[in-house]
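Join these two chains into a complex; the hints should help.
Same order as they appear, the protein sequences are chains A and B. All you need for the working numbering is the position in the first sequence, starting with 1, plus 143. All you need for the working numbering is the position in the second sequence, starting with 1, plus 11.
Simulated from the structure, these hints should not be mistaken for laboratory data. Cβ coordinates follow ideal geometry from the N, Cα and C atoms, glycine included. There's no promise every hint is true.
Beta-carbon label-pair distances, calculated as ranges [stated by the list, open to error]:
1. A:174 x B:72: 27 to 37 Å
2. A:202 x B:153: 52 to 62 Å
3. A:421 x B:233: 20 to 30 Å
4. B:232 x A:405: 41 to 51 Å
5. A:239 x B:208: 22 to 32 Å
List of simulated lysine-lysine pairs, DSSO-like, C-alpha gap at most 30 Å [said to hold, decoys possible]:
6. B:150 x B:196
7. B:196 x A:415
8. B:100 x A:413
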Amino acid sequence: MSYVSEIWASRELLQNLTNREVRGKYRRTALGQLWSLANPIAAILIYTFIFSFIFRLPAQVGDPSGLNNYALWLVCGLLPWLFFNRVLSLGTDALVSNAGLIQKVYFPRIVLPLALANATFFTWILEMAVLVIALSLLGSFVLPWLPLVALFMVVFALFSVGLAMVFSIINVYFRDLAYLLTIVLQFWFYLTPILYPVELVVTQSDQLGGLIGTPVTLIDVYSLNPVLGFIEIFRNLLYDNRMPEATTVVIALGWTVGALGAGVLAYARKEKQLAELL
Amino acid sequence: MTDWAVRVDDVSKKFRLYHERNQSLKSAILRGKTSEHEDFWALRNVSFDVAEGATHGLIGANGSGKSTLLKCLAKIYWPTSGDISYRGKMASLLEVGSGFHLELSGRENIYLNGSILGMSRKQIDSRFDEIVDFSGVEKFLDQPVKNYSSGMYVRLGFSIAINVDPDILVVDEVLSVGDEDFQRKSFDKFRDLKKAGKTVIIVTHAMSVVKDLCDTATWLRSGSVVQVGQADAVVDAYLDSVGT
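Isolated chain B (complex conformation) (with noise of 0.2 Å):
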């Protein structure tokens, strides 16, 4: 096996589960705390390296802790125990589109999502053609983007973020977006950066995804890792405990 760009080192998380959250003053005055909880273990002692250059499928079933450790993952959650290091620049792709200001242009949020996602201006100027070219908007390019369409919104939004160029991408299930003729394009871009070497984590419940794009997965059961290994592999072993 090759070296590791990703190493997820015996995580768990904990998360608090609030029998009553008080919010406000009143109450955190009358009662002399702040909330009455259970902890909740949403991830427990999870351990897995991803290879430099692989593609990397979270499976499970809902509620399996996929989203939290993805979480973990993009550096928005923190383990409460446990480490994960990165060898290389990491960036996320949750969602498409987050801090786009619906008021301003199409070009303007380019620079703003883009360095949201932590590209530098230079960087976002010389990928600025590509990013519009794959987004199928340039059309609209000076719009604001209040005024585009639910499938133009996601395809700008997505095409900044895959033209982040990180040595890793974390991913959640955002490939379903736009129509057939964008999902394929967005496919192909993958294996794009699968031949340039990139490591991509992706979270996903199209087995079929995971089978065609993925080298290696780990699944997920009540935030236990159940299986890792070659991705073809446990996606059957995680089809069989489902039929069953």
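This is chain A alone, in the form it adopts within the complex (with noise of 0.2 Å):
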């Protein structure tokens, strides 16, 4: 308990290392934070161009706010991937690019990940502002579930911070985990559902049944993934315009409970080598 007293004092300077990473960033750019929308686009122009119009994925209709557009239903999914993608690379790193910090100054370290999360969770904010524009204008009558999606954008974040302390702390004692990361998380990308309907991999589980003469289908596997979870409540919020399945909500809690709590107990455990180790 005195740990997480002592994290809520340094709070103002969580708030100023956040301010540091959110101005520093774009400093002396012309178009400023405008460029955090760019990588988004350039993603939605690319994904929508292949896959709705070259492959022609089958339309998802939303249910019931009646939508049908590729490209809303990909940003969906898309932002918080790229959200969760972001705070995990950059995350693994707060440690080791800080080193200098942290070899002169003391104060609790897990400020470290937590200011870059906050930083990025800014950004996904303005992502998700331009969003929602987007999808009123375009008939989905999101605005009353505005609530929920902001409390599960929270609950993401930590599910994604959580995991960004755990690798942090293993990438000061093993640095290939950055680059490790970088190629995980490609595959993690195409893994879940955010260019496709999960529906699809339902169908060739469906096919294939049990694996390797067991009763685990593809889908069973497939489903492990967490973010997963966190991917369907977003369009169901977002895109539906409905309440998330019970079941999907208590499991992405769990992992979230789970992922934030090993990130605290490493920090906890760890932060006191951590000047002698980097």
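Structure, rendered in structure tokens:
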């Protein structure tokens, strides 16, 4: 508990470090913060062209919203993923890239990944705001769902930063992790139903039946991915305009508690040694 | 003797000297272990008290463990055994300008660096003018720090750190920043701290500084305490041993 109160005591530091990330990032650029929207927009254009126009994925109709727009459907899943991706890749490096600071000043080290996640969260809010405007213009009645969207954004952020915290500690011991992670994240992206609907995987799984003679099916393994549930929740709320299934929510919350718990525990146990290990 | 402000009680610090340090996954898996190392004791059973309001010098040759001890005092390293206790709020000044962001302005960096050193926003607000005054960079306050000369950079960093206003200040050889004029100002500032009843622990190689500023001193050799006592006596003994 004393550890938690120490983190609470450093909230001003957390805020200042967050400002450092946010303000420092786009200094001396003409477009400033707008650059953070450039990446998602490029991804949306490319994926929509490939998957909706060339590959002709089946139409994704929102139930009950009635939306039928691949680009929007894609973005509802893509923005959470991009956030997750950034938190994980930046967060994993949070300790190693701040080695100088850690070796010169004492402060709760946990604020480093938290500040990065905060700054990234700020970018995500901007992106989501643009998405909400686009959804509203194109006929999704998304406004009543916004409080829940905000809530799950916070939950997903806690899950992401928890994982990033664990990774950042591991990265101090094994610097390979940062490089390995970029590859893992690529696999992870394509193994999460962001570009394609999960129903396509279900169809394949049904055809295959039990894997290697066991009752375990492809979709069972596929569903172990913790991000899958979060993506579903965001699509339900934003695109379909309905409540996500209770089991999905419970599993997502479980993952969040687990990841965050592991992250805080890793810091509580290792933080005192970090200055030496770096 | 008055009450102690800092008590170093039987502190030892062990480092691992790595013959092979495997910070990659491949070697860890191939060899089934992460490293091969031997232990090195940088500090052995170090004990001393620093009285409240005293300025205490840590002296010794290179590699004697001064910096390790200082880092333990600053809570950057944690002793392998033994305890360090404080009465009052401790702040450390091991490097000036830690955490400065080069693209941010001097003003923004005062707030950033101040909060890294443990000041609240209110404290920084109330001391802002003093910090700026002392550093002498007011003209360039809204310029990004990367455009500062190295002198301006360290002066700003030092001014923030010296205004943290702790009960106990732990300082590395940062007195040697800036030009003559600034150094004199820094010395005066340390004397002010002393007058205000603050406890200061300082590591330096400049024996004149120790004699001038410090009340008491600790002399370290190979991680062990050789002598603790009045600054003049300890410095003389140390200089004698070096001379012969």
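Please test the hint of 22 to 32 Å on the beta carbon pair from residue 239 of chain A and residue 208 of chain B.
-> violated, 41 Å
Is it true that the CA of residue 150 of chain B sits at most 30 Å from the CA of residue 196 of chain B?
-> Measuring from Cα to Cα gives roughly 19 Å; hence the hint holds.
Can the suggested window of 27 to 37 Å be confirmed for the beta-carbon pair residue 174 of chain A and residue 72 of chain B?
-> violated, 56 Å
Return holds or violated for the Cβ distance of residue 202 of chain A and residue 153 of chain B against the range 52 to 62 Å.
-> Once the Cβ atoms are compared, 54 Å apart, the range 52 to 62 Å for residue 153 of chain B and residue 202 of chain A holds.
Given the range 41 to 51 Å, decide if the beta-carbon distance of residue 232 of chain B to residue 405 of chain A lies inside it.
-> Distance hint for residue 232 of chain B, residue 405 of chain A holds at roughly 44 Å.
Does the alpha-carbon distance linking residue 100 of chain B and residue 413 of chain A stay inside the 30 Å limit?
-> holds, 24 Å
If you draw a straight line from the CA of residue 196 of chain B to the CA of residue 415 of chain A, is it 30 Å or shorter?
-> violated, 35 Å
If you check the beta carbons of residue 421 of chain A and residue 233 of chain B, does the distance land in 20 to 30 Å?
-> holds, 25 Å
Hint check: violations occur at hints 1, 5, 7; the rest are consistent with the structure.
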